[in-house]
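Asks: Take a look at the letters that make up each chain.
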Amino acid sequence: AQTIHQWPVAEIKAVGSPLSLGCTIKGKSSPNLYWYWQATGGTLQQLFYSITVGQVESVVQLNLSASRPKDDQFILSTEKLLLSHSGFYLCASAGTGGDERLFFGHGTKLSVL
Amino acid sequence: SQWGEENLQALSIQEGEDVTMNCSYKTYTTVVQWYRQKSGKGPAQLILIRSNEREKRSGRLRATLDTSSQSSSLSITGTLATDTAVYFCAETNYNVLYFGSGTKLTVEP
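Those protein sequences? They're chains A and B, same order as listed.
Numbering-wise (this note's numbering), the first sequence opens with residue 506 and increments by one.
Numbering-wise (this note's numbering), the second sequence opens with residue 267 and increments by one.
Keep in mind that the hints were calculated from the coordinates and are not lab data.
Treat each hint with caution, since some may be false.
Examples of chain B residues lying across from chain A (beta carbon under 7 Å, computed) [what the hints assert, rightly or not]:
| id | residue |
| --- | --- |
| 1 | T295 |
| 2 | T296 |
| 3 | P309 |
| 4 | I313 |
| 5 | G344 |
| 6 | Y360 |
| 7 | V362 |
| 8 | S367 |
| 9 | T372 |
| 10 | P375 |
Cβ coordinates follow ideal geometry from the N, Cα and C atoms, glycine included.
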């Protein structure tokens with residue numbers, strides 16, 4: 506069974522500071538990977554997806570960037586945080602070959618002050 | 267119903283009651299998924315229904331899909347307090363999974 510580990514579990518950061526969130530997937534080779542953002546009490550908004558190492562597609566522009574340095578790793582980052590970046594960040598993995606189901610990590614709660 | 271709604275919908279029921287949640291999807295899609303998210307956790311998929319299925323059951327869950335009205339529903343029979351969560355429908359379009367606004371279900375014991 507695949508497992509998704511996200512780090513850190515929670516972050517409190519200052520406006521204008523940099524951010525790096527990570528996600529590691531175990532138990533599945535070459536998964537499609539996704540980053541989602543969720544405001545408190547809100548729905549999930551897909552930010553990025555990656556179908557292979559080194560390739561990342563952006564879905565919405567939120568002054569964030571993503572990278573996939575390894576097959577099992579997905580990184581979300583920004584050089585300057587905004588107040589609007591606060592929320593819950595979720596990494597997800599899907600199988601290839603027509604499995605549309607997403608498996609989500611436990612998420613990272615980000616508070617920007 | 268979800269989608270087109272700016273705010274999370276909320277339902278509160280007693281344990282043992284049945285409940286139905288609805289959503290309308292925007293694009294032409296062949297797959298609708300329903301997810302459940304418990305407080306502070308990532309969502310977990312409950313059920314996936316394809317356009318050629320119209321109805322799908324899994325334990326106490328029943329999902330329907332009406333492609334003519336672009337709508338889907340999720341019913342839970344004999345609810346339990348542990349069913350308390352936010353329920354989202356989601357549709358796929360070119361590697362993007364679009365989630366509805368969600369229904370917050372509270373099941374009182």
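Asks: Run every hint past the structure and note whether it holds.
Replies: Each hint, compared with the structure:
no.: 1; hint: T295; verdict: violated (10 Å)
no.: 2; hint: T296; verdict: violated (10 Å)
no.: 3; hint: P309; verdict: holds (5 Å)
no.: 4; hint: I313; verdict: violated (10 Å)
no.: 5; hint: G344; verdict: violated (25 Å)
no.: 6; hint: Y360; verdict: violated (10 Å)
no.: 7; hint: V362; verdict: holds (5 Å)
no.: 8; hint: S367; verdict: holds (5 Å)
no.: 9; hint: T372; verdict: violated (14 Å)
no.: 10; hint: P375; verdict: violated (23 Å)
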